[in-house]
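Visitor: Line order of the protein sequences matches chains A and B. Numbering (the working numbering) for the first sequence: 1 to 319. Numbering (the working numbering) for the second sequence: 1001 to 1310.
Hint data in this document are derived by calculation from the structure and do not stem from the laboratory. Do not rely on the hints blindly, as some may be mistaken.
[What the hints assert, rightly or not] Okay, the calculated bits of chain A under chain B, using three or more residues with CB under 8 Å as the criterion: (1) 169-182; (2) 268-281; (3) 300-311.
[Claimed, not checked] DSBU-like mimics (lysine-lysine), calculated; alpha carbons at most 35 Å apart, straight line: (4) LYS38/A with LYS1125/B; (5) LYS1157/B with LYS206/A; (6) LYS89/A with LYS1157/B.
The C-beta atom is built at its ideal place from N, Cα and C for all residues, glycine as well.
Below are the chains, spelled out letter by letter.
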Amino acid sequence: MSDFNLNIPSTERSDKLSPEMFEKLERDEVRVDEVGRKSLTAWQDIRQRLVSNKLAMFGFWIIVAMVLLAIFAPIFWPFDHFTNDLENKNMPPDATHWFGTDDLGRDMFERVWKGAQVSLFVGIVAALIDLIIGIIYGGIMGYFGGKVDEVMNRFSEILAAIPYLLIVILLLVVMEPSITTIIVAMSITGWINMAWIVRGQIMQLKNQEYALASKSLGAGAMRIIFRHLIPNAMGPILVTLTLTIPNAIFTEAFLSFLGLGVQSPVASWGTMIDDGAGAMMSGYTWRLFFPALFLSLTIFAFNVFGDGLRDAFDPKLKK
Amino acid sequence: MLRFILGKLVFMVVSLFLLITATFMLMNAIPGSPLQSEKAPNPAVQKNLEAYYGLDKPLIVQYGKYLANLAKGDMGISMKKKFQSVDKMIKQSFGPSLRLGISAIITSVLVGCILGILAAMYHRKFIDNLAMILAVIGLAIPSIVLAPIMQYFLGTKLRWFEVAGLNGPMDYVLPTIALASGPIAFIARLLRSTMIEVLNADFIKTAKSKGLSGYVIVVKHALRNSMLPVVTYLGYLTAGIITGSVVVEKIFAIPGIGKHFVTSVIDRDYPLIMGITIFYAVILMLSRFLADVAYVLVDPRMRAGGKVAK
Chain A
1 MSDFNLNIPS TERSDKLSPE MFEKLERDEV RVDEVGRKSL TAWQDIRQRL VSNKLAMFGF
61 WIIVAMVLLA IFAPIFWPFD HFTNDLENKN MPPDATHWFG TDDLGRDMFE RVWKGAQVSL
121 FVGIVAALID LIIGIIYGGI MGYFGGKVDE VMNRFSEILA AIPYLLIVIL LLVVMEPSIT
181 TIIVAMSITG WINMAWIVRG QIMQLKNQEY ALASKSLGAG AMRIIFRHLI PNAMGPILVT
241 LTLTIPNAIF TEAFLSFLGL GVQSPVASWG TMIDDGAGAM MSGYTWRLFF PALFLSLTIF
301 AFNVFGDGLR DAFDPKLKK
Chain B
1001 MLRFILGKLV FMVVSLFLLI TATFMLMNAI PGSPLQSEKA PNPAVQKNLE AYYGLDKPLI
1061 VQYGKYLANL AKGDMGISMK KKFQSVDKMI KQSFGPSLRL GISAIITSVL VGCILGILAA
1121 MYHRKFIDNL AMILAVIGLA IPSIVLAPIM QYFLGTKLRW FEVAGLNGPM DYVLPTIALA
1181 SGPIAFIARL LRSTMIEVLN ADFIKTAKSK GLSGYVIVVK HALRNSMLPV VTYLGYLTAG
1241 IITGSVVVEK IFAIPGIGKH FVTSVIDRDY PLIMGITIFY AVILMLSRFL ADVAYVLVDP
1301 RMRAGGKVAK
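Work out the full structure, taking the sequences as your base and the hints as a guide.
Guide: Spelled out as structure tokens, the structure:
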């Protein structure tokens, strides 16, 4: 195989070793035990790997830009998202209305960033709720094991077998459609995945010496789980958290698109895409383009950043 | 093996029973009744209507009756759609949804596997990069964006396809792409990563050193050993296709179950909502069950009667 080629031309290759083939070094010049690579803590190491991943960093900066624009653009923009201006309806993008206006003359630039607020809020809050429930439930499952684990795991499996969309839609029927309803509905089954990840991690970690040491010093189960085990399981937890956000954002857009989510005049990318799809047929392409672009860009950014994070936490990919 | 299948079946029935009960309770917890309307009807008429639908009986009796009817395949009567029976509505709209779903599943698996195999075979080369860029785009552009864009450019502008309906074979193209783009990307990435691992395994080196051709190695040796995660994903794929079909059927005006589901939720047509929920749940659980069985069949280690590792 070509990998095993030695860098010696074949004519010169011989069995005999000649003195010219060696370079003599003074003993002091070589410090055999010196560590060539700068010593890094685990987190520094992870950050370095993450920063060197260009696609992941691209995603990271898109997320930062989105968050900043979602917070500040509506504050400084002269238009609001709900005032109708029927004389200026369906205006293409120009210097006053950067993203044009919709069929009620509402400014699309303002609405896109108001929609970004809704999307990011839903995504982040839903992910945080999943995180909290998942860590508590999964931590208890994994740490106690045995009967406790058996019962709790069965329960989560039964809940997980019920399709996500069905639960969300059923709850939206029962409760008034709003941002809170969407978040509650998504949280009912959303935490299960996180709980399973945490459970697996805790089961691996609980037999380590430091957990035993803490136990023998008299620490209670809760202290061991939350002070010692969870911080050591942070990698997979963070990755799952990052990848939960785009799913939640997508679900909100999906429900709003169907008319089951956020209600007008509150702006949501989902409802704007629904309206925009109809408006596109009349040639008002910008009405679909802008919300569609930013929804796709956000989902893309969170996905590539989450992938990069996973790679950064994976010691197998260390160079 | 038999124990494993029986266990899964029992589990499925329990989940389904819970879902039916929860749905029934939820539907009854909602204030107001679909029989209410703006003009207040004569109390006697109201009473007769309630008696007709069995709404005057205690909840537990209604529940028992619902379960008994359900066992016979009778899901009650729609309250909004000219009082048609729910099971008939589901039966009529199942055809288009099923055909579209099957075409989307086949497309997802075929295209996803081909992209994944190519990317793994040409790891870190141009084809790999191209396939992975396509996959990331496929994951990032949701069907609610992709479908209207295709509809506009390929339907309205270029007039290559019909904008709506599901009448000829060509009408399946756009909805299928809209449904399959996400799963294609997912399968391609999944297969690529497992296959890269498998292609570095010792038995592949053995096959290479025996002088087998690249095609035989990939298809006969590597692919079989990389398919397990894809097979597991198939159960979830059905869920994704059903979720997607709700949107895609709305966009392309396809008279399928997904469209009924959305209208039933907006109309608050409780018997129809319950019927479709249960119907979807049965299909999803069955497809996950079939995926589990397929997993056992594909993995030779499982055939000996081992336990499924999660």
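Visitor: All hints, please: hold or fail.
Guide: Against the structure, the hints:
1. 169-182: holds (count 6)
2. 268-281: holds (count 7)
3. 300-311: Held - the region 300-311 of chain A has 3 residues with a Cβ nearer than 8 Å to chain B, which meets the minimum of three.
4. LYS38/A with LYS1125/B: Distance ~32 Å between LYS38/A and LYS1125/B Cα, so the pair holds.
5. LYS1157/B with LYS206/A: Cα-Cα ~61 Å, so violated.
6. LYS89/A with LYS1157/B: Distance ~24 Å between LYS89/A and LYS1157/B Cα, so the pair holds.
Of the numbered hints given earlier, the model fails hint 5 alone.
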